[in-house]
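Student: Residue strings, one per chain:
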Amino acid sequence: MVDYLRFTPELCYDWKQAVVDVERYYPHQMKRTLDASIPSQLESKLWVVDELKKIEDCFDLQPNIALIGGWFANYLTPLLIDNLNASKVVNHEIDNDAKDISYKYNKRYKETGQYQCLIKDAMMKELDEIFDIVINTSCEHMFPMKRFVKMNKQTLPFNGEQNSPLYVLQSTNNDQYDDHINCVSSPEELAEQAGIVPEYMGSLTLSSGMKRFMVIGR
Amino acid sequence: MITIKEEINLYMRDMMIENTILCVKWGDKYDDEYVHKLKKQCMENCSVPFNFYCLTDKKTKSYDITLPTKWDPYYDENRGFFWAYRKCYMFKLNESIDGDFIGLEGNKFLFLDLDVIIHQDLKYFFDLPMDKPYIVRGWWNDIGTVKRNFSKHKSTAVNSSVIRWDRGQLKKVYNEINKNAKLVFFTYPSMDNYINHRWYNIWDEDEGFFRAFPKDDIYSWYKGNTFPDDMETRKLREDHKICLFNNSNFGEGINDDEIKELW
Numbered sequence: 604m605v606d607y608l609r610f611t612p613e614l615c616y617d618w619k620q621a622v623v624d625v626e627r628y629y630p631h632q633m634k635r636t637l638d639a640s641i642p643s644q645l646e647s648k649l650w651v652v653d654e655l656k657k658i659e660d661c662f663d664l665q666p667n668i669a670l671i672g673g674w675f676a677n678y679l680t681p682l683l684i685d686n687l688n689a690s691k692v693v694n695h696e697i698d699n700d701a702k703d704i705s706y707k708y709n710k711r712y713k714e715t716g717q718y719q720c721l722i723k724d725a726m727m728k729e730l731d732e733i734f735d736i737v738i739n740t741s742c743e744h745m746f747p748m749k750r751f752v753k754m755n756k757q758t759l760p761f762n763g764e765q766n767s768p769l770y771v772l773q774s775t776n777n778d779q780y781d782d783h784i785n786c787v788s789s790p791e792e793l794a795e796q797a798g799i800v801p802e803y804m805g806s807l808t809l810s811s812g813m814k815r816f817m818v819i820g821r
Numbered sequence: 411m412i413t414i415k416e417e418i419n420l421y422m423r424d425m426m427i428e429n430t431i432l433c434v435k436w437g438d439k440y441d442d443e444y445v446h447k448l449k450k451q452c453m454e455n456c457s458v459p460f461n462f463y464c465l466t467d468k469k470t471k472s473y474d475i476t477l478p479t480k481w482d483p484y485y486d487e488n489r490g491f492f493w494a495y496r497k498c499y500m501f502k503l504n505e506s507i508d509g510d511f512i513g514l515e516g517n518k519f520l521f522l523d524l525d526v527i528i529h530q531d532l533k534y535f536f537d538l539p540m541d542k543p544y545i546v547r548g549w550w551n552d553i554g555t556v557k558r559n560f561s562k563h564k565s566t567a568v569n570s571s572v573i574r575w576d577r578g579q580l581k582k583v584y585n586e587i588n589k590n591a592k593l594v595f596f597t598y599p600s601m602d603n604y605i606n607h608r609w610y611n612i613w614d615e616d617e618g619f620f621r622a623f624p625k626d627d628i629y630s631w632y633k634g635n636t637f638p639d640d641m642e643t644r645k646l647r648e649d650h651k652i653c654l655f656n657n658s659n660f661g662e663g664i665n666d667d668e669i670k671e672l673w
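Residue numbers (my numbering), protein chains in the order written: chain F, 604 to 821; chain Y, 411 to 673.
The shape of chain F in the complex, shown without the other chains (with noise of 0.2 Å):
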């Protein structure tokens, strides 16, 4: 069971950096910071890496994995690198601070290239390259991804079939925000939403209170 982070001298050396960094440069990000900090931010991410770990057969291959809308990425990148042995985690991300911030707190990462972080609305447009894993934590913000997934359905070049990546979602039913768009009543309703067939569905409440609900499949 995955069920901690493995904090090494050099993730303790990147996040120092980052606060450092964030209270001198981005002061008006620090808020937000510790908003990504607390302890349900890691519950969950703690979640999707512990679901995909028994999907075992995926990860042979180091994956390659694409974060949409994955904000400093401070918790879900190191996971995932640590325990999943990805190769890469490209972040994609409509706010230009949260790149840069996330770049601090995987300094560490962004140097081997093993993270990168790039500017786009991946709901505008599909993605640049392929990916065996898109996670999305945060659906509730966006618009249904039966749109993403349509638009980044890739076509095998060998034998023509249509071929998908791994998708793994959260979401929620907590509609008592206004960037809370796109909320759930259930993981059925997220899988239905984003017109895959699942392999895992869930439900967790974290320690804020918050339900979120996942669904891993294609």
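Heads up, some of the hints might be wrong.
Here are a few chain Y residues that face chain F, going by a calculated C-beta distance under 10 Å [what the hints assert, rightly or not]:
hint, residue
1, His-529
2, Arg-558
3, Thr-597
Hints listed in this document are in silico derivations from the structure and should not be mistaken for laboratory results.
All C-beta atoms in this analysis are idealised placements derived from N, C-alpha and C, irrespective of residue type, glycine included.
We have chain F; now place chain Y onto it with these hints.
Tutor: Chain Y in isolation, oriented as in the chain F frame:
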């Protein structure tokens, strides 16, 4: 080789008045008095010849032009209360005379919201260098708050109460909305927020598709002028060009009396 018809079109275009002021009116929020007052202000404050049109769902006057309705099915009033999507039809005005806006002349467009007070000569807007279109950058916004709330789709830096563009310059914007209307109306809470996200760059303001009108051109009656130094509200600044009456905190129709007192 140019055809006779094209030659006639070019000749007609040369003969037309280039400068065109547009407003948009639909529904019942604003009555005809607003259009009349806006036109009167334009006549009193524009030293160059101009065409004046109101794009509207209820055509009654000679200057009225009927708005298209093709995006109506994509608009959910319950979730997009402030989505003034009807304004975006005017972005369609392109190089050729457009089927939706037959009779609408001119090449240099200035859009004005109905609830504005004009202080200075509008010629200024028609004389701007047009390498890019212009939109209001709400200089009264704290840019830190704008950036912090960017992905939450709040605290929008851009305001669409005044837009200046040349014919054809906003076709890309129209095409994106037209192609993705369902997504756009679902995702963004307002037109201003959509433009802020897709066509403006708050991190590098010289790099966006739109250019901002400079500071001290356009200010807000309810929000102030420039953050943080000149934020007094409900103050007329007659050395500025235009005063806006934008206030997303108030409901439809509320506070309209304040502008009426200032007309």
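Student: Please go over all the hints and tell whether each is borne out by the structure.
Tutor: Hint-by-hint comparison with the structure:
no.: 1; hint: His-529; result: 33 Å, violated
no.: 2; hint: Arg-558; result: 5 Å, holds
no.: 3; hint: Thr-597; result: 5 Å, holds
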